[in-house]
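Once you've looked at the hints, dock chain B against the given chain A.
Protein chains: 2
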Amino acid sequence: MIQPIDPSDLNYDKLMEIVKKIPILQSAVSIINWDMETKMPPKGITLRSNQLALLSGIEHKMTTNPIIGNLLEKIENHPNFVTFDSIRKRNIYLIRKNYNEQTKLPENLVVETERQRAITIGVWKKAKTLNKFSLFKPELEKLVELKKRAAEFLMDVKGVHKPYDALIDIFEPGVTSAIISNVFNNLKRGLIPILNKCLSSSKQPDISILRRKIPIEIQRRISILITKFFGYDVTSEKAGGRIDETEHPFTTGYYDDVRITTHYYADNFSSSLFSILHEVGHALYEQNLPPKWIYQPIGESCSLGFHEFQSRLVENIIGRSTEFWTYFYPTLKEMTKDKFSHVKLNDFVHAINLVQPSKIRIEADEITYCLHIIIRFEIEQDLIAGRIEVEELPDIWNQKYATYLGVKIENNSEGVMQDTHWASAIYGYFPTYALGNIYSGQIISTMEKEVPLWRTEISEGNFQNIKQWLINNVHKYGNLYNPQDLLKKITGEGINIGPYLNYLDAKYSQLYDY
Amino acid sequence: MIQPIDPSDLNYDKLMEIVKKIPILQSAVSIINWDMETKMPPKGITLRSNQLALLSGIEHKMTTNPIIGNLLEKIENHPNFVTFDSIRKRNIYLIRKNYNEQTKLPENLVVETERQRAITIGVWKKAKTLNKFSLFKPELEKLVELKKRAAEFLMDVKGVHKPYDALIDIFEPGVTSAIISNVFNNLKRGLIPILNKCLSSSKQPDISILRRKIPIEIQRRISILITKFFGYDVTSEKAGGRIDETEHPFTTGYYDDVRITTHYYADNFSSSLFSILHEVGHALYEQNLPPKWIYQPIGESCSLGFHEFQSRLVENIIGRSTEFWTYFYPTLKEMTKDKFSHVKLNDFVHAINLVQPSKIRIEADEITYCLHIIIRFEIEQDLIAGRIEVEELPDIWNQKYATYLGVKIENNSEGVMQDTHWASAIYGYFPTYALGNIYSGQIISTMEKEVPLWRTEISEGNFQNIKQWLINNVHKYGNLYNPQDLLKKITGEGINIGPYLNYLDAKYSQLYDY
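Here the protein sequences line up with chains A and B, keeping their order. Using this note's numbering, read the first sequence as starting at 15 and increasing by one per residue. Using this note's numbering, read the second sequence as starting at 15 and increasing by one per residue.
One or more of the hints may lead you astray.
Which copy? The list can't say, so a pair holds if one copy fits it or any two copies do.
Below, computed lysine to any residue pairings styled on SDA-like, alpha-carbon distance capped at 25 Å [unchecked claim]: (1) K481 / E507; (2) K75 / Q40; (3) K57 / I238; (4) K140 / T60; (5) K252 / T52; (6) K75 / P120; (7) K351 / T117.
Hint data in this document are derived by calculation from the structure and do not stem from the laboratory.
Chain A on its own, in the form it takes in the complex (with noise of 0.2 Å):
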């Protein structure tokens, strides 16, 4: 007997050909805005601008195509609906959500954003460059007001009471300021402690050793080395990857084509080898999301949040281990000559992991890092909020540095100008840092547990039953759910500093001996 062809799913499948086109889209805007950032000639920011503004509108019409609507409508009320799989459920959840969400949104707002966003980054890499907040702020505070407008608007839509909620919302789905606000207070009571340890220890690594100068091209070949060792191609006739420079160090791409970025100094290597680490973890992720799921909503990734954990399980769990450099320093002293000839493994692994406050984000050891983090979730906070205004951000930055890390800001290049966050229309984005360390804590204590000689393995070279894991247990469920309904199925829990502190607590406690 033939099965009655069934409406709902003839619905499906015509949806699906639809939103198909919207990843596809992306994907090559996104290619717009890797060259923007690592190749256009300076004098096409106009043009580019124009560009990237077109195609927001082009997407934002795609994305809010009245058909969509219809065809939702139709499965979700036809009454087979109940019978669909998880996954045609899911994506319909998440292309109802987006359409929901995006429908909210004047068009004008979206392209007068993007346009605004172009400037902004443009102007922000030549504020940085001269030291002048003064040139930045007008374009800033455009894009601020843009950015709190759109949050408004998607307000009721997302079940948020907050501006603020609706932009976090967008990186960590069913995560509220309120919770953040909750878990950062833990973690920094949790931090405080260790971090004073530390500080007050009489064990001190050497970090001189981390000046010595190496030359940019040998840097250049230990990246490529450390994408090999996790297996990211660059190099090969079949590369998904690349590498390239940027002042601000980053990942784009989708599936088979996703890129990472990094600077070089030559007498600052570690800079550029734990930028590398970090952005190779979240390209390892994109990389690995089930291809049949490719152009469907479930085949992105989870959130942020679940992309910021594997970043920072490979830039720090892994890539500052003593087991990562029991394998890999023997290249490093063979990569730079002389350079570490007589720098014991230990002393190097210390020198890495050195405890101290610090101005620069991106170079914050793992104690201090999180504090970070949180002085930028409370500025964006009051920011979105109304309660401070983009003029005043400098000073504040300045008093929070003073206030959580000790540290005085000479300038705003290295202050409130460091990151290139909020100069990209990016609010809401930073907690997921801080999140993903949290998650990267509770999974690894669950993975231990399956891959129980996982650290062993790093020591030998051997970064294949880790990969496996993250893919059999994080990869290959792409966005089939929420972030924290995937970090319950893996870990049987809720967010939980708990495990990561303990993580600290081990490394840090053996490292400077308290």
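Positioned in the frame of chain A, the structure of chain B alone reads:
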């Protein structure tokens, strides 16, 4: 008294606001294409072909938007249309032409061609490396079929009687294969005697000097110095250009973001030298189009023949002249250390002007170059007319090379697969290289009357007056005229091979002492 509002003007402004988006989108797509050629990880090709197909569909929808048709009709039928100035009239003409043509093409044909183009380029690269035409053949067959269908759709609306003429018209509006055949026959008759005199001359250059190894890093620096000479900026903070490396050199871009590519071979430095010169000629044209006309149809270049006139001018008439090397040779000597210290200027200039039938078009001398073009023109004509099939291409290619140039092609990589054009869906373009040469003869002999000392100026390192003359007589007109009209406006006559042959004869009789 307030001027009454003219509804034809209002509609004109409205129309211009709509069509402005077309070049913005096209310039974004050109970045995506540039990236595919220069930076994309190999694995990204399927995703890329989907991106390009999608964008081509969006562009097609944009250019065939019925609102454009409605506005055009209102403007054209309005009694005040006759009072429009020539600029507005030309914009309307160009918008109408494009609208009528694009609406003839089915969207699925446009999208499928674009997808197939990306795939065919990828396969061509691989097939060329492996010297395997059989790999290339099936994809090329699909692409040729798609282009034939497009050509048939366009014939009527373009008012031509052969499909191939419809393709030529895309690059050189108003020129047909009949005109070209006639011009090329005469050109061949003019070139053969010069060729024979050069070949039979007892004075022959020593070209072994051009095989001296120049490290690629040095060649890269020479490239930058050459771009500086012509005022194509790739290094400053206000640069509107850049140089990258591809197998097949090309120029792409729009106004403030115009990029060139080249290839470097350590034992063939003149290859990059002349490809850089060629592409700089293209780039200068694009960068110096009238800024006030950006995003308007008249703000584009006149034709590909006019483009090639300028690339061949910079590459050959200037770039292979004694005057250019009088100025630049000391720099080359210095950059390459001891490589040319004992080579006299005249011997170097003769070497870079060696006349010798060869296999590779882009490395051909000025006398045989047009024969390479004639071969391609004849093949394209037969291919699009269906008189020959893709599978016959290698044999026909090799036969023609034997007959016209007396050259034996040993493998298809340096034969029928040498150029990117056919893989890139570019048919009807090749003739414009020869037309460009012919235009260059005519236009330079006009310029000479107004800049009589241009050769002396070049030898003094001064390109300024030539550039200004080009801006005033070519660039500033953008796409205000059809190529034959612009040619007439500048030189007072139609296509005339005389000045180009005179230029060649004068130059080569001196070099070869005949």
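Enumerated hints in conflict with the structure, sorted upward: When the structure is compared with the hints, only number 7 turns out to be violated.
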